[in-house]
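Asker: Generate the whole structure from the sequences, applying the supplied hints.
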Amino acid sequence: MPNMEFDFQGLIQLLAKNLYSEKRVFIRELIQNAHDGILRRQSRESDAFSPRIDIESRPDELQFIIRDNGLGMDLNDIGEYLAVIGRGATRLEKGDVTGLVGQFGIGFLSAFIVAERVEVETRKTGDDDGWKWSNSGTQEYTVSNVSKDSFGTTVTVFLKGEEDKGVIHPEEVDNVIRKYADMLKVPIHLNGSREPINQMIMPWDCDGLNEETRARETQVYLAKTMPDSALALIDVDIEDPGPTRGVLYISDQRSLPNHEQPPGRVRLYQQRMFLCETTDLLPPWARFVRGVINTSAIIPTAARDNFVRDDTTDRIKEEFGHLIIERLRELSLDEPQRFQRILKYHDIGIKAACYEYDELFRNVANLLEWRTNCGGKAIDEESYSGFYWRRLPDILSALPKSESGPQALPCFATAFSANQYFNMAESANSLVIDASGPFEMLLLEQYAKFEDVSIKIIRVDQIDDPNIFRHLEEHQEEVRFQRLATRMEQVVKPRGRSIRVEARKFKPADLAALIRTTERSEMHHQAEDLLNQPNTPQSMREMAETLLKMTTAESMRLTINADNSLIRDIAEHPELFGEPEVDEILSGIYNNAILFNQDLLTTENTQILNQQMHRLLVKHWETVSDMEEAVLLQPERDQPELDVVPAKNPERQHRCIFMVTPETAEFEDVIEAVRTVVEERWKCELLLARDLKQKSTDGIRRLMNRADAFIVEFTTMQPQQMLEAGAVRFDPRSRPAVLLRDETHVMREDMRFDPGNQNCVVYSNRGDKPLVEYLDHEMQNDVNIAKLLKDSSRQRFLSPGRLVELFKPVTLDALIVRTLVSRFPTEERWREVTEEDLADCLDEHQGFASILLDNVHKSLN
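Residues are numbered in this note's numbering as their position in the sequence shown, beginning at 1, plus a constant of 111.
No wet-lab data here; the hints were simulated from the structure. The reader is advised that the hints may include incorrect statements.
Pair by pair, the computed Cβ-Cβ distance ranges are [stated by the list, open to error]: (1) E584 <-> P373: 49 to 57 Å; (2) S245 <-> E273: 20 to 28 Å; (3) E282 <-> E156: 31 to 39 Å; (4) E943 <-> I410: 19 to 27 Å.
Even for Gly, the Cβ is constructed at its ideal location relative to N, Cα and C.
Answerer: Structure (structure tokens):
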């Protein structure tokens, strides 16, 4: 009996523990071998045949079978390839046959990670004899002559035990095929499936499609296979440094600040077999780009889960950068409105790209948007974030022109200090740019150098501009406020360090003080950041410590506003300086300035703010409690009598039913069953007090006022339930009500509820009937409920749950779903919805409005 010349068991241990990261990789390796066998047959036979790979997964029998109709092997091939480690046929013939995936000749051995025994039956094309090779995971193997009807190879893997059967579960095998072999052009069938599991031909491979159809098909493929959607596609078809095809796309996942934004990722295939997801093929600035790429230019690792980084991959990365930049340039010129929408998602990422590529910035500089204050002008968009987006030409047109020199462009670069500078600019009826984001100040400085631009950058967070910060005019006034500034320097010592306090006049007058920075103070903060990072080299730490000492005196500058009434009042009473209460107020002025400049809102400063707020609250309470004549609550007799009868229920298009529920988690099944009955079967909206964002008596009263009927679960009555149930019991409008109860619970004596003559459903007595079916039937036995449901004049509610199902595979976040239900609550309303109506609600999913609306209409019809 022939022997392999190797420590076979040691090799298997090496593969399992060091080379292959997971057991299911053996499925990938066997598919790869089957695929390469088919390609070798295609290269030899002039007559066409129908290539095919069939996989049988038999977890109950602990067997995995894969068969192909490829070239097959004869006895000599078995001795050459199966019996010699590392001498794979693919590796030897790689230069002669195009598209072979295998490389190292060891992939077949991965089967022994899970196998007790492996059998190979094979028959080479043109031969009459078939052969069976068998190995039980040792150096010994057997070969025997067998009868085989067709050409090709069948590999049967017998698992070691039950613990590995999950690896070959049909669903798991399906996932492996779709992940690793989706691009292979050989059809792969699983357990006799009629259609192949893998897609084989990607949309960008279909040369017969027009550009619009190819783009649409690509969008659909990405929506099915990627975790996000595409705002714009970037076709990839390059030959140098090696054939590389696929698609890059601008993701609909919004860009985050650089320290939070994950790098751009590419799903990488090598010779159409999935290799890995990588961040190393995109430029570092292209964090907003994703992609699916197939290439033969790269060198995979032995485990085929990564690739070798070399000059080739660097050149591919460079080519991808050029393609992305060119696509952005095309969009800015040919589709400026679409480019503006993309900017809404990726302002940070595209500005980073502009910093890297001067030519791109030159093309899109006037299209980029910048954060500004309102500026006292009427603008179309409403701000929910405290700032407004504007383009540079619009900003410059709103700012005053200079007759004698460059036009001033006010801006600031200190992060999180927008509150104070926006407030000041607003008071002056002017504009200021928040350029605190990555690369933004550098881009503005670059913009100022354009030949056709004449502007001067004014850093309002550094320059003591006399137009903004006016000096005190009278000597006596200057002395008075300087005395206050000196006292504040004595009182306010953050982290034990002194700060510089100065007095100026500026708008708005209700802003008591603000904190400003200088170039030296920014250097101080950068030195602190370096010292706080554990990975900073020792040489850099020494430099940072020296810089910190040099800039300590300039670390902070507090400017108090001499036009502020509080500052003026304090300055006019120097005799009170030194009083604890006055010093507390001076500290509060400093702390309030920190709140306005959020860049300084560190953990330490937050603690200081918390401590002072606590002291102020204690002091306030002592003042209130000492007021003997204070009337904290008006006597009840002085209050006007409340109207206990709710207002008439406003006419709505659909019915609503309010449910009184316990707060405990054990009743979740009942609540969800009632939701299914009310929303999915009765087509009414279920209202719950717990769904209110801020639960209050008034809020619950308004919610109950909307109801057409009530359902009361009164098994374990709690105080809040008693209030809600009492309102139902004595409802002046006599709306229908049904009571629910679980008799397996014992009711508390002090919380008993008198149901009166209302219908009571004891759902604990339902026997074997499903809860939903039982509740539906029993609640409709109530005459008033049945009459309410038969009224056809009201529209049918379309529930959030059903809407989510109709929109699959697109997944919407909860906020968008709530918005859709609020705007289009009924089936009748959805029949009137237009594609534009839906797109307005979908944010980043606007491109799917037509498909999603079609799904809803088909369901309703």
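Asker: Give a verdict on every hint.
Answerer: A quick look at each hint next to the structure:
1. E584 <-> P373: 49 to 57 Å: This hint holds: roughly 55 Å between Cβ atoms.
2. S245 <-> E273: 20 to 28 Å: holds, 22 Å
3. E282 <-> E156: 31 to 39 Å: holds, 36 Å
4. E943 <-> I410: 19 to 27 Å: violated, 58 Å
In summary, the one numbered hint that this structure violates is 4.
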